[in-house]
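Line by line, the protein sequences give chains V and U.
For the first sequence, the working numbering begins at 1 and goes up steadily by one.
For the second sequence, the working numbering begins at 1 and goes up steadily by one.
Hints are supplied without guarantee of correctness; some may be wrong.
Since the list gives no way to pick one copy over another, a pair counts as held whenever it fits inside one copy or between any two copies.
Pairs of lysine-lysine, DSSO-like flavour, derived with a Cα cap of 27 Å [what the hints assert, rightly or not]:
hint : residue 1 : residue 2
1    : Lys164    : Lys3
2    : Lys439    : Lys545
3    : Lys193    : Lys432
4    : Lys540    : Lys432
5    : Lys300    : Lys439
6    : Lys3      : Lys448
7    : Lys3      : Lys432
8    : Lys540    : Lys409
9    : Lys540    : Lys193
10   : Lys280    : Lys193
11   : Lys314    : Lys545
No lab work stands behind these hints: they were computed from the structure.
Letter by letter, the chains look like this.
Number of protein chains: 2
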Amino acid sequence: MAKAKNILFIMFDQLRWDYLSCYGHPHLHTPHIDALAAQGVRFSRSYIQSPICGSSRMSTYTGRYVHSHGATTNAVPLKVGEMTLGDHLRPLGMGTWLVGKTHMRADADGMARLGLAPDSIIGVRVAECGFDVFERDDGMLPEGPDGSYDPEGARTYNEWLREKGYESDNPWHDFANSGLDEDGNVLSGWFLKNASEPANIDEPDSETPYLTGRGIEFIEQTQEPWLCHLSCIKPHWPYIVPEPYASMYGPEHLLPPIRGENERGGHPIFSAFQDSIVGKAFSRDDVRQAVLPAYMGLIKQVDDQMGRLFGWLKDTGRMDDTMIVLTSDHGDFLGDHWLGEKTFFHDSSTKVPLIIYDPSPEADATRGMVCDALVESIDLAPTFVETAGGEVPDHILEGQSLLPILHGKAQDTDRQYVFCEYDYGPSGIGHKLHSDIRKSQMFMIASKKWKLIHFESGDRPMLFDLENDPQELNDLGESNAHAEVIAGLYDAMFEWARRPSQRTTLSEQQLIAMRTSSRTRGIVLGVYDEDEYPEDLTVKYRNRKARPFSTLVRDD
Amino acid sequence: MAKAKNILFIMFDQLRWDYLSCYGHPHLHTPHIDALAAQGVRFSRSYIQSPICGSSRMSTYTGRYVHSHGATTNAVPLKVGEMTLGDHLRPLGMGTWLVGKTHMRADADGMARLGLAPDSIIGVRVAECGFDVFERDDGMLPEGPDGSYDPEGARTYNEWLREKGYESDNPWHDFANSGLDEDGNVLSGWFLKNASEPANIDEPDSETPYLTGRGIEFIEQTQEPWLCHLSCIKPHWPYIVPEPYASMYGPEHLLPPIRGENERGGHPIFSAFQDSIVGKAFSRDDVRQAVLPAYMGLIKQVDDQMGRLFGWLKDTGRMDDTMIVLTSDHGDFLGDHWLGEKTFFHDSSTKVPLIIYDPSPEADATRGMVCDALVESIDLAPTFVETAGGEVPDHILEGQSLLPILHGKAQDTDRQYVFCEYDYGPSGIGHKLHSDIRKSQMFMIASKKWKLIHFESGDRPMLFDLENDPQELNDLGESNAHAEVIAGLYDAMFEWARRPSQRTTLSEQQLIAMRTSSRTRGIVLGVYDEDEYPEDLTVKYRNRKARPFSTLVRDD
Chain V
1 MAKAKNILFI MFDQLRWDYL SCYGHPHLHT PHIDALAAQG VRFSRSYIQS PICGSSRMST
61 YTGRYVHSHG ATTNAVPLKV GEMTLGDHLR PLGMGTWLVG KTHMRADADG MARLGLAPDS
121 IIGVRVAECG FDVFERDDGM LPEGPDGSYD PEGARTYNEW LREKGYESDN PWHDFANSGL
181 DEDGNVLSGW FLKNASEPAN IDEPDSETPY LTGRGIEFIE QTQEPWLCHL SCIKPHWPYI
241 VPEPYASMYG PEHLLPPIRG ENERGGHPIF SAFQDSIVGK AFSRDDVRQA VLPAYMGLIK
301 QVDDQMGRLF GWLKDTGRMD DTMIVLTSDH GDFLGDHWLG EKTFFHDSST KVPLIIYDPS
361 PEADATRGMV CDALVESIDL APTFVETAGG EVPDHILEGQ SLLPILHGKA QDTDRQYVFC
421 EYDYGPSGIG HKLHSDIRKS QMFMIASKKW KLIHFESGDR PMLFDLENDP QELNDLGESN
481 AHAEVIAGLY DAMFEWARRP SQRTTLSEQQ LIAMRTSSRT RGIVLGVYDE DEYPEDLTVK
541 YRNRKARPFS TLVRDD
Chain U
1 MAKAKNILFI MFDQLRWDYL SCYGHPHLHT PHIDALAAQG VRFSRSYIQS PICGSSRMST
61 YTGRYVHSHG ATTNAVPLKV GEMTLGDHLR PLGMGTWLVG KTHMRADADG MARLGLAPDS
121 IIGVRVAECG FDVFERDDGM LPEGPDGSYD PEGARTYNEW LREKGYESDN PWHDFANSGL
181 DEDGNVLSGW FLKNASEPAN IDEPDSETPY LTGRGIEFIE QTQEPWLCHL SCIKPHWPYI
241 VPEPYASMYG PEHLLPPIRG ENERGGHPIF SAFQDSIVGK AFSRDDVRQA VLPAYMGLIK
301 QVDDQMGRLF GWLKDTGRMD DTMIVLTSDH GDFLGDHWLG EKTFFHDSST KVPLIIYDPS
361 PEADATRGMV CDALVESIDL APTFVETAGG EVPDHILEGQ SLLPILHGKA QDTDRQYVFC
421 EYDYGPSGIG HKLHSDIRKS QMFMIASKKW KLIHFESGDR PMLFDLENDP QELNDLGESN
481 AHAEVIAGLY DAMFEWARRP SQRTTLSEQQ LIAMRTSSRT RGIVLGVYDE DEYPEDLTVK
541 YRNRKARPFS TLVRDD
């Protein structure tokens, strides 16, 4: 084993923290991911910064809170000025490559303002969230009456499928994400009832094996130190999986939803999410029974592909010098709390699996450890910078490196709280509530003990006691007995909101050096007489001679 | 009179709000500025966003709070991604030009990251805070043992002076900002005792007449619509002025300092500012007696130059189509509250003169009006955009246009509070206090009634009752009777701190349009059966045909 030369940064999309056997799922066995955890550190309290793909990822890739980078929901472009992983790692000699999804929307206006050509190296990197692109695949080519949400989605994958014989304009939809009936009708995976169908695709041709293969291809042909962001769309919807995974799980394998009748009809914003199409759908037993086996099958396939990948890395000696990070961008409610999808703040959505395997001997002491430190996804960027041999620019990156934990030098992070944010203003919920676009933000602050959810709408907060109510079923937001707890969490959120998150152009060392530098560069303030002040600081202003201006030869 | 075609945006540096006769100074008569006020609107409660040159200006030029743009004190580069006046006005057909000072420090690292050549048009604009430069003159060429705080300072002015016969390496210092004794010794204006000397320069060659002339030259040679930022360094230190202004004011013209013995030895941070070199100096009567006549003389000269400028504009017909805005970047304590300089939050420092003359007929109704609305310097950018015929991009600009007030359509702004910030971490105060660089920020929130100062250091807040104690002599920060007032102001500051200030890449209209757009672009969420959902939204997923994958001709 050696110090990590490369970083394989694996992200799955919408993978719940508790749907892996190493995290406790009793029926979904994921031996390959479990084996990685046994060789590394498994974090049991890792939170994402936003319960939606784009914003969560922008935080991960920038190492900054959503409130700092401003890409508050999907399709909000990340500002051209925000630095990303590539900006931090390339100067350290580490290439920063993408194989898969980012959900990045380029800041075209910002690029135009600065004259950045979209086809220049810098332009492409800025548009691709700092990555050099081996393959960009956001994993979706939806089709609607007004066109596609992502016209470039699944482009390369679709070409590859067509070359393989899958005849369709959109084989991503018609084969990889749909079933087929006996009459040749496509059973679209967009409709949840079809989740129980096997996808009409040869399993090795489906998305997770395809992207895993592309990751292997990238690694095989790359020599210089690299970070490879292998970013797979599944188990994200459309929920549908080919055989043999389609038939692996039945009703006996499903965990019951985490929910209580008392959760309904309470808080107005929470209720609005429950009353949304997805909330209502996932509150139905038939929906859960159709979807969950497919979701579990997708994860089982993920695990098998990780087995393929880790085996190949081992066979080629690369486990010896490659750090492997495996995580998710958020979870999936799957009916918990009468919600579907992810855009709320219970652990089902905001907590994610995070496993880090560091090949270096320093990490031997922690192999197989489970760490309950409060971790945020913004911690990955500084972890990568430190792994690549750099100093963490903590005036830009807001997380903290996990290397001290990985190397057994620390048991915990320094933080007392994690933060998560969601902006429902531009969403269907905002539409339904006719919400003020400036007052549609929600903030979560959580310690190991408490979780508070704040609503900009002016509605009361929600509060959960994570120790005594780990399933978050009893909202204490109206409890007078908890007024002090709530006030304390608000104080901490206020302090967080005041942090100097935009003071990014100078390091703390540079700022401290400024404390005395204006004096030594001639700024003399409040000195009545030069003799009151150190002579070396004023020497340049002493003993100067001039002529009265009236005697000068003037050139008027 | 016509709608304003051009905008003359005049800023003085360190000009107190109350050192003009139209703002009530009993001895300092400023008839030319008063005349402008009589033709326009004079704002009596205009606050800057930071009590220091650079940060205040970055807020004015970006239209954003310091907490948003991050240039928290002088010499902190403004991020390359921040948009400035030129970005907003040039697309509206209005050139955006600088004649004078900005205190801009270019974000060289950010420019290098994006490959912006410093000599390209875009590069120069980004480096110059969005302006095209007719003349950059930050008004200082200090000289210290480690070089100059601003090596480029006063470069063009110094060349001009040398051409005129002022023999020196640094005539800005040796002539414009120093006196001379009978033996030919330069009496440096950096030392306050020399403030009572006349500057050794022919008055028309001193800085304010020079820059005013440069402004006239710019206007004379420019045809297309322009905003001209005529930005003069005086009455900023070095406090020294040539005759006849040097002899105009004596002890009988000085206002007593606004201060009380009760203000000393109280709050630890406030005390640290009082105990600084400038605080102690300006608490001395001899210092005030030396400096104030020079400060007043500099302002009297400013007024005479404004008379020259406004007369010329009138004679050339330009008063008919030029909006004129006259303001300052902050005030000067001059011994008030036992402080010198400006870096604290009493009105002596944070309130500035603001006069806006709009030539358009719509403004006839308000000529000569005094408006007591709460105004912030970030309001100027939206005012300019609206004057140039644009729609205010209020997802970027955080202020509000003052045109409704200027046109008599509103009596007030919408805001209840103004905000001001200062970061003493990188300053001499930070050095003296050994302060945590992340905990050295101070925030001010003020309504028409109250002013609260918050310290990140953990020290208690300060509170002033502006109605009953307009001189801010009685700090109520420890008053139990005001606990509710303090809590209310903190709530408002917290709300402000949570604003989505970085969500700048999409307008509110675009964000609202997103509420329904993913549905019409093929994202189908939570739909069990297609028949449960509008057919037009799912039509593309219906009636599709495919073959079983097993029957396809595979290209393996």
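| field | Structure-inconsistent hints, enumerated in ascending order | value | 1, 2, 5, 6, 7, 8, 11
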